[in-house]
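Visitor: Model the placement of chains B and C on the given structure of chain A, informed by the hints.
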Amino acid sequence: MSSTGTSVPAIEGRSPSRLAWEKLRRDKTAWVSMTIVLVFIVMALASPIFQWIIKTTPDAFHPNTLNDARGALPLGKLGGVSGHHWFGVEPRTGRDIFLRFVYGARTSLLIALAATTVATVVGVLIGLISGFFGGRIDQFLSRTLEIVLAFPSILFALAITPVLEGVLENSGVPKGNASRIPVMIIVMATFGWPYIARIVRGQVISLREREFVEAARALGATRTHLVFKQILPNLWAPILVTVALNIPTFITTEAALTFLGAGVIEPASDWGAMLLHSVPFYSVDPLYTFIPGIGLFLLVLGFNLFGDSVRDALDPKSAR
Amino acid sequence: MRYLIRRLVGGGVVLTIVSAVVFGVFYILPADPARLACGKSCTPELMARIRHTLEIDQPLATQYGRFVKGIFVGRTYLKGTTAQIQCATPCLGYSYQTDATVTSLIKDRLPATLSIAAGASILWLFVGLLTGIISALRRGTWIDKLAQGFALGGASLQIYFVGLVLQFIFVDKLNLLPSPGYVSPFDDFGGWFMQMILPWTTLAFLLSAIYARLTRAGMLEVMSEDYIRTARAKGLTKSRVNVKHVLRAAITPIVTVFGLDLGQLLGGAVITEYVFNIPGLGRLATDAVSNVDLPVIVGTVMFAAFFIVVANIVVDLLYSVLDPKVRLQ
Amino acid sequence: MNIHRKAGLIGSVAALAATAFYAVPTATAATANPSWVGPAPVIKGAVTGGTLNILNQGDFEHIDPARNYVGGTLDFYRFFIRTLTQYRTINGKTELVPDIAADLGTTKDQGKTWVFKLRPNLKYEDGTAITCADLKYGIERSYNDDILDGGTTYAHDLLANPTDYKGPYTTPTKNLSSVTCSPKGDSVKFDLQQATPYFPFVTTFGAFSPVPVAHDTKQNYDLHPWSSGPYKIASYDRGKQMTLVRNKFWDPNTDPLRHNFPDTIKVKFGFEQNALEQQFVSDSGAAQTGMTLDTEVVTNLATVSGNDKYKSRFFAFNSPYARYLAINMDTVKDLNVRKAIQCAVDLKTVLLAAGGSAAGRYANSLIPSNISLAYRNFPVCGRDVKMNPESQIAAAKALLAATPNAKKDLILAYRDKGVEPARAEAAQQALQAVGFTVTMQKLPRAGYYTAIGKRGVSGEPDVIQTSWGFDWPAASGIVYALLDGRTMLATDSHSNYSRSNVPAIQTLFEKADATIATAPQEKLLGDIEQKLIQDYAAVVPLYIETSNFMAGSKLGGVQPDGGYGTISPLYAWLKK
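Chains as they are written, first to last, in my numbering: chain A, 4 to 323; chain B, 101 to 429; chain C, 26 to 601.
Among the hints, a few may not be true.
[Stated by the list, open to error] Here are the simulated DSSO-like pairs of lysine-lysine, each with C-alpha atoms no more than 30 Å apart in a straight line:
| hint | chain 1 | residue 1 | chain 2 | residue 2 |
| --- | --- | --- | --- | --- |
| 1 | B | Lys207 | C | Lys291 |
| 2 | A | Lys178 | C | Lys600 |
| 3 | A | Lys31 | B | Lys245 |
| 4 | B | Lys273 | C | Lys579 |
[Stated by the list, open to error] Taking CB as the label site, the calculated pair distances span:
| hint | chain 1 | residue 1 | chain 2 | residue 2 | range |
| --- | --- | --- | --- | --- | --- |
| 5 | B | Ala188 | A | Leu116 | 45 to 51 Å |
| 6 | A | Glu217 | B | Gln158 | 52 to 58 Å |
| 7 | A | Leu116 | C | Arg408 | 45 to 51 Å |
[Stated by the list, open to error] Coverage of chain A stretches by chain B, computed from C-beta distances (three or more under 8 Å per stretch; other residues unrestricted):
| hint | region |
| --- | --- |
| 8 | 66-77 |
| 9 | 282-289 |
Please keep in mind that the hints were generated in silico from the structure rather than gathered at the bench.
Here a beta-carbon is modelled for each residue, glycine too, at the ideal position from N, C-alpha and C.
Bound-form chain A, shown alone (with noise of 0.2 Å):
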């Protein structure tokens, strides 16, 4: 299979996802990039025990470890990076970083993988019914996508999110964060599902008429059988390539807006916020910018490479 001829070993069958992840298991980068975003998942997961550890919550004001004269900046170096306040403490509140940091990662990741299987669920079932049924279902479907895709993503966000929260509270959900948060996943699903449909309905046109599911549909299957027996199955391939790229794409979404105040409500953590909130210190506590920026920087650097390399494993005629 591969171009660069690497020595062959003996001849036997092999399925192609058997393939793929064996070629995964040789890559690398897949390894490290795996690893990378293990320790954020383990560690946006261990909060609770951090917490525990630190004897303190992501919360909690520490009015004592601020200098009241100097504009409630961190007392110490670097912040106040201490024994016991790991990465320093926020100007002024005085809540531990390093807290805030786990627990923003919990938020980030949380948000991103919602958006993510809410985007992939309905892109997928648009992308499926678009490319099988064709004719009007697919031109309908087709225009809309094309319509989402003429929004301004980002402001568009911005300015919906307290219309879809006012709808969301007045049908009884609780204010705050309980109907803010479902309100970024539904806003970021909104202008994630185009992209996943997009690929998916071109996939479905080129499997549409092979032979295996004209066979199938010879022998007089159901089209939900033919869509969902024979055509699915044979996606999930590029749809783990999505998947994977998407991930890091909706965590940066929901830094940005959070970024710009149409986030996760505070007091709760999150990485957008910290940085936001970082803006005007960053010239005298650097750190607190750096904290969250190079946070947010590794995870999505692991889910890139990571998603490179399931692309590369699945892609038979990618060559590395």
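Guide: Showing chains B and C alone in chain A's frame:
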């Protein structure tokens, strides 16, 4: 030609639907725009009058009809009992909060956004293509690895982080550049250029990474195609093949992405403007969102959507020029 | 008493300086004071000439005197607007002085009618005479606020209004009969709805300035108010730049408070906060001979305050704003719970969240200590908050424990602006530490003050984070607006955000209304405020905010203004 007309009509339909959605959504906002405009000493009677001048007392369809009509033939807004405000074509609405037509607000802010978009796009296209080409031609060498590392890093970084870091280094620590902001290049070209350097490089750094990846991948794919091998076999020089066939074929998808990115950016570089304090369209829109200034929200979103749709059409047309394989019916 | 104002503008309105002393006008004082005659007191070292630059983020909201209600602009537009009375700040001392009036007004019926003598020989920028009729016309047009929106409503709220009087544009045949000029035109008389002892403060606002009918361009007057002061508008490109040049018809001998040192004053708009701050810190370009009227430009206090390098150009002084939490007495009916809230809130973390001691000073009262006739230093929750700002956890817990079925679920409303969310979180932390459960209600900037005034709605907040900047430096400009429940509606608390409406206090308010002289009234209002804080726990005062400003190194004469709590360009001069 027929294709162009069809695309234009299609774009018009998309814009109409976008405008209807935006208009409908924002005019069912929970906040009452009349109450916000009414302000001090708000009597029920004054409130009713404002509702009337803002036209909130009209059915939504009527309001929308007038909005659309205003775009094409202009319209007049009432202020108080006697004053009238002329809003010339293309009238995108009138902001009672800032006492200005949305069109004039957009006109004021557009130069800043254009400045960012123009400089940054030239820079990122140049750097991105160059890096991608070198990477592809020297595949596997240390240059390629470095370029790929740069591309991956850039693709994983955020404007609001890199922007702050660059400001910290070049403005606060080294004092090499002034704080970013915006002055008109016609008033102070040097100042404009110096203040734009950081926004340009930040945006270009992040976006050129994506273009480098695209270019490299595109070129490698084309280079493995049979016709390139044939061309080589026919004895064409390597560089001639590279320029004539490979780059030309590989550039087509990049044109698409570039058009779309530029379209998005022209509608307001929201985050860049926010980080670098540049009063462009993105700032206009975000400020309008926090002030619940509905006419401005609707106007700016419409304007941004317009750029995106236009960019789509231009990209499609360019496609036919660049790629002889694409034949338009 | 209808002190109804646009709450949305709080935070930009008038204020006082830390060192200011207020000469409260005694209601019967008629004796002319020699310092009321021009020219204004000499400013040491000041020289004439040059261009003063004023660099602002945005354009003035309004400069039409009937429409402006913004502190920095009220201070600035004195360059070309003269009002009936005005503030004068010299050497840190602020006093009320007559401006186009010749005295501070006299009253024979305890403040229900006021007569002001007018200064003779005043001229506009075209050399025509300023008349009493022009002053009356200026007041009249402020009634046409459908066209001239913005501005204070004091004329309308205080004067005895003829039926259906809507201003000269809408009702040209009607006459604002409560303002009358003497036959010779050398004095003006005001008939008020009720006794208003603080009326001479009110006449500092732009509605009480002369406007020549011939030059009134209605809503366009905002582009060129006809100058009565030392400068006139030479050009005004809205949103971009305004240039003021000398008005040769202004006579310093008729003006007790203005100077005209610079040749030209250039106001430029459209700067971004960060860029502006950077320019002032680095003292570069136009900022070297410039200043800004915008508040909250110097945000990087960590760099600037306490650094000797900036000392001569950095100004930190009491702003007008009292930041406080209003406890909703409609929803938190139990006094002990309100007291527990008062004890629980930790002023230290709150002020730190706002930026520490550079940002403000702890407050026990909503009345700043400079308002000496009304202010008193009483303990809150049994401690002097200035010495002991920390949360009184034990006291709060004890209060809650002593209350059966105490309301422990609180909704805390705050505005999504600047440091306000962080301050609200600080309050939330402290309240939760004593056993409350606090739900945060983050509200958008726009319409905040309308939202928190709504009574009887679902999700009505129990604790409201808000602030107040007074319109004139006296308790009458604070206590009536914030704590008087008598004008409150069932659906709208107005600016009485704690919805306080206690019968015993109402009696005191009635007593204060009837007080003739200003000083006893100030004392009574001080009593009312102390009682509502100590005995009824209606509010939790947090701190009085400090304003931080910077000016260019080549400017002299820049000073905090006691009348408006802003940095004043009025005496600025350019160093050679």
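Visitor: Any hints from earlier that this structure breaks? Give me their numbers in increasing order, please.
Guide: 2, 8
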